[in-house]
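Required output: the full structure, derived from the provided sequences and hints.
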Amino acid sequence: MGFIKLIIYALPIFVAFYLFKKFSKRGALKTQASSSKMVECSACATHIPENEALIQNGKIYCCKDCL
Numbered sequence: 001m002g003f004i005k006l007i008i009y010a011l012p013i014f015v016a017f018y019l020f021k022k023f024s025k026r027g028a029l030k031t032q033a034s035s036s037k038m039v040e041c042s043a044c045a046t047h048i049p050e051n052e053a054l055i056q057n058g059k060i061y062c063c064k065d066c067l
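Here the sequence shown is numbered in the numbering used here, starting from 1 and rising by one per residue.
None of these hints come from the bench; they were simulated from the model.
Just so you know, even glycine gets a beta-carbon here, dropped at the ideal spot from N, CA and C.
A hint or two may mislead.
[As the list claims (entries may be wrong)] Distance ranges between label pairs, derived from CB positions: (1) Asn57 to Lys37: 13 to 23 Å; (2) Lys21 to Cys66: 39 to 49 Å; (3) Gly58 to Ile13: 55 to 65 Å; (4) Cys44 to Ser24: 34 to 44 Å; (5) Cys44 to Lys21: 15 to 25 Å; (6) Met38 to Ala16: 34 to 44 Å.
Given below as structure tokens:
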């Protein structure tokens, strides 16, 4: 009887711990992927991620309309 009580109490704790670890790792990956240097468009002063910027003649632009 004592072993069954142990399983009944330990199983939910184990499942909660497992789910917490699983989702905390996923959140950390999203944070790393979304962080990048912000740059300012030379034409309209909009701030955009550096990896999305368009560069022409050494100037940074946010879209084709600002070129």
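Evaluated hints:
At roughly 20 Å, the beta-carbon separation of Asn57 and Lys37 lies within the given 13 to 23 Å, and the hint holds. Lys21 and Cys66 have their C-beta atoms about 45 Å apart, which keeps the hinted 39 to 49 Å range intact. With their beta carbons about 59 Å apart, Gly58 and Ile13 fall inside the hinted range of 55 to 65 Å. Distance hint for Cys44 and Ser24: a CB-CB separation of about 39 Å, consistent with the stated range 34 to 44 Å.
The hinted window of 15 to 25 Å between Cys44 and Lys21 is violated, with their beta carbons roughly 44 Å apart. Distance hint check: the CB atoms of Met38 and Ala16 are about 38 Å apart, consistent with the given range 34 to 44 Å.
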